[in-house]
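The primary structure of each chain is shown beneath.
There are 2 protein chains.
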Amino acid sequence: MKIKKLGEDYIIDRIRESFETQHPRIIKSIGDDASVTAITEKRCLLLTMDSLIEGVHFDRRYTPPYYLGRKAVAISVSDIAAMGGTPLFLLTAVSMPEDTEFELVEELYRGVKDSTTEYRIHLVGGNTSRADKLSVTTTLVGEAEKQRIAYRTGARPGELIYITGTPGDSALGLEILREQGFGALEKADLKRAVLKHLNPTARTGIARALAEKGLVSAMIDTSDGLLRDLAHITEKAGLGATVVCERIPLSQEMREYHISRARKLELALTGGEDYELLFTSPPENRDAIQIMAKRFNIRITPIGTVTEEKGIKVLHMGKELSIGARQGYQHFVSP
Amino acid sequence: MKIKKLGEDYIIDRIRESFETQHPRIIKSIGDDASVTAITEKRCLLLTMDSLIEGVHFDRRYTPPYYLGRKAVAISVSDIAAMGGTPLFLLTAVSMPEDTEFELVEELYRGVKDSTTEYRIHLVGGNTSRADKLSVTTTLVGEAEKQRIAYRTGARPGELIYITGTPGDSALGLEILREQGFGALEKADLKRAVLKHLNPTARTGIARALAEKGLVSAMIDTSDGLLRDLAHITEKAGLGATVVCERIPLSQEMREYHISRARKLELALTGGEDYELLFTSPPENRDAIQIMAKRFNIRITPIGTVTEEKGIKVLHMGKELSIGARQGYQHFVSP
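Those protein sequence lines, which keep their order, are chains A and B. In this text, residue positions in the first sequence follow my numbering: the first is 394, and each later residue adds one. In this text, residue positions in the second sequence follow my numbering: the first is 394, and each later residue adds one.
One or more of the hints may lead you astray.
Pairs involving identical chains hold if they fit within one copy or between any two copies, as the list cannot separate such chains.
Said to hold, decoys possible - No more than 16 Å apart at the CA atoms, straight line, and that leaves these computed lysine to aspartate or glutamate pairs for EDC-like:
1) Lys606 to Glu639
2) Lys712 to Asp507
3) Lys395 to Glu499
4) Lys580 to Glu568
To be clear, the hints were calculated from the coordinates, so they are not data collected in a lab.
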């Protein structure tokens with residue numbers, strides 16, 4: 394059977410099954426934003442690994458090397474953030490064709506450098522290699538207090554589902570880039586969405602604060618699209634969710650862009666690479682969460698509810714939309 | 394300037410320069426087999442990242458997926474071993490074309506699984522992704538006591554240079570595979586060299602013992618070839634070395650294979666991927682090192698001396714061979 398018929402989730406599930414392991418120091422293995430292993434009695438190591446591959450995750454025509462370097466760092470920082478952890482040490486494996494101009498390499502690492510400086514993390518190793526296509530794989534090591542780690546599991550029926558920021562903007566940004574090229578960066582009404590795609594920001598501060606205050610029962614970063622990432626939270630817990638379309642906040646850029654309302658909704662529900670936080674929390678935390686949103690000046694919106702009934706229901710004007718819960722980006726599955 | 398004109402060493406040096414960083418917890422950043430960061434006052438985290446890329450590091454025709462999985466683990470374990478550390482937690486990023494058969498994926502991870510079991514390490518995360526070519530990138534986390542870590546730097550003039558095993562066997566194994574295919578695995582006189590290439594063993598036990606007993610002043614694993622890895626030890630220390638060809642131990646497979654004596658020497662001096670240990674030690678440790686060799690049943694041979702004079706001299710029958718010190722595998726440099 395070819396893997397494109399099976400899909401990434403199937404493959405990861407099979408890998409996870411065959412590597413189920415018992416070790417006193419392993420608290421969480423494959424299947425969350427980062428793995429969790431014990432360092433001392435109270436402290437844990439968080440480990441995450443991500444790849445950005447030319448032709449799969451990015452198109453060189455729309456990806457300046459500087460931003461590629463920044464994004465490679467940010468998406469790993471986002472994974473550590475979504476666990477409520479502090480990112481610390483980075484390793485990068487960069488592969489590229491041998492006829493690559495050194496200037497591209499310098500630009501890429503300048504992006505890595507600026508991003509590591511901003512997140513106060515440190516590049517400590519990695520490797521470079523020849524390959525047919527450009528790719529950047531990052532490993533990020535973080536730490537967290539054992540008692541304050543936010544896992545994907547942990548949601549309970551009746552809890553509210555929250556999202557930071559405005560979903561779908563990264564996918565919109567890519568659509569704008571494809572239509573208008575880098576000229577879009579000069580346009581005030583488009584720039585923010587394009588930069589959301591090229592240069593996402595990991596929600597480190599607010600994620601850690603939410604986890605430290607015990608305000609999240611489950612948390613994930615939105616890399617695969619809102620619905621698919623929500624399914625990651627609900628499915629493993631044997632639960633479902635109801636999402637109300639009218640509650641999903643759309644950015645001004647999204648609202649004003651010349652695409653149909655249906656397409657906007659599709660981008661918001663299934664567009665990947667936002668690297669926002671999606672989390673669940675009991676209703677009584679509502680006010681505390683909004684106080685946190687104000688403190689960090691980040692929009693946090695309740696968009697639905699965790700349900701005992703499995704599957705993800707999307708309500709639009711009171712009617713259920715027929716959107717597969719797993720819609721969103723998945724590797725290997727052919728469209 | 395295209396990177397193939399500059400070479401991997403140049404690029405890594407530039408990256409290292411631009412990321413020179415001061416952080417109380419970073420003990421060793423880019424430039425050794427693994428980075429070293431402090432966990433507690435006495436314990437350190439070791440981090441290493443390696444890539445095996447189709448068409449660059451391996452040819453699918455000569456690389457059964459099971460062995461690819463094993464090798465991906467072993468080469469990272471070798472890096473942690475060469476620091477004198479204990480390998481612990483593994484992450485893998487596997488990329489492959491979407492029309493890959495799932496059986497290949499299963500075989501690859503079966504190799505990873507068997508190898509992790511043998512080294513008593515644990516796969517805790519990573520990712521899978523679509524790509525044009527098959528590749529496996531591994532990150533391995535290890536630990537070591539701060540006082541017992543073996544760095545690449547630390548060699549002093551007059552010290553002896555030692556190597557474990559018999560160098561060049563991996564390169565010989567690849568040559569045999571190219572000439573004779575997998576049939577060579579059925580031949581008693583060829584099998585060991587072929588398996589040395591397909592299925593290298595990291596020298597974990599003896600490396601840790603040598604480091605713990607304080608018997609090494611500098612240590613590296615031989616992944617790029619004896620001379621190039623030796624240069625990694627001497628150059629940063631501002632030193633040189635003399636290597637005596639007659640002292641270099643050749644395996645029975647190498648001695649008996651139908652290639653010229655000159656070619657055998659070339660394989661031993663520059664063939665990569667042996668994953669043996671190359672280390673330096675004061676002359677007075679000679680006996681202690683041989684006792685260790687016996688205990689682990691691993692051949693350890695002194696092959697030369699660290700010199701104050703820079704550059705690497707290779708002596709053959711008392712005459713200097715004209716082999717560039719940096720000869721060996723280097724990414725990006727066109728032959």
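Evaluated hints:
Taking the closest pair of Cα atoms, Lys606 and Glu639 never come within 16 Å of each other, the shortest separation being 29 Å inside a single copy and 68 Å across copies. For the homomeric pair Lys712 and Asp507, neither the shortest alpha-carbon distance inside one copy (46 Å) nor that between copies (51 Å) is at most 16 Å. Only between protomers do Lys395 and Glu499 lie at most 16 Å apart by alpha-carbon distance; the minimum there is 12 Å, versus 38 Å within a single protomer. Taking the closest pair of Cα atoms, Lys580 and Glu568 come within 16 Å of each other only inside a single copy of the chain (15 Å); across copies the shortest separation is 58 Å, beyond that limit.
When the structure is compared with the earlier hints, violations turn up for hints 1 and 2 and for no others.
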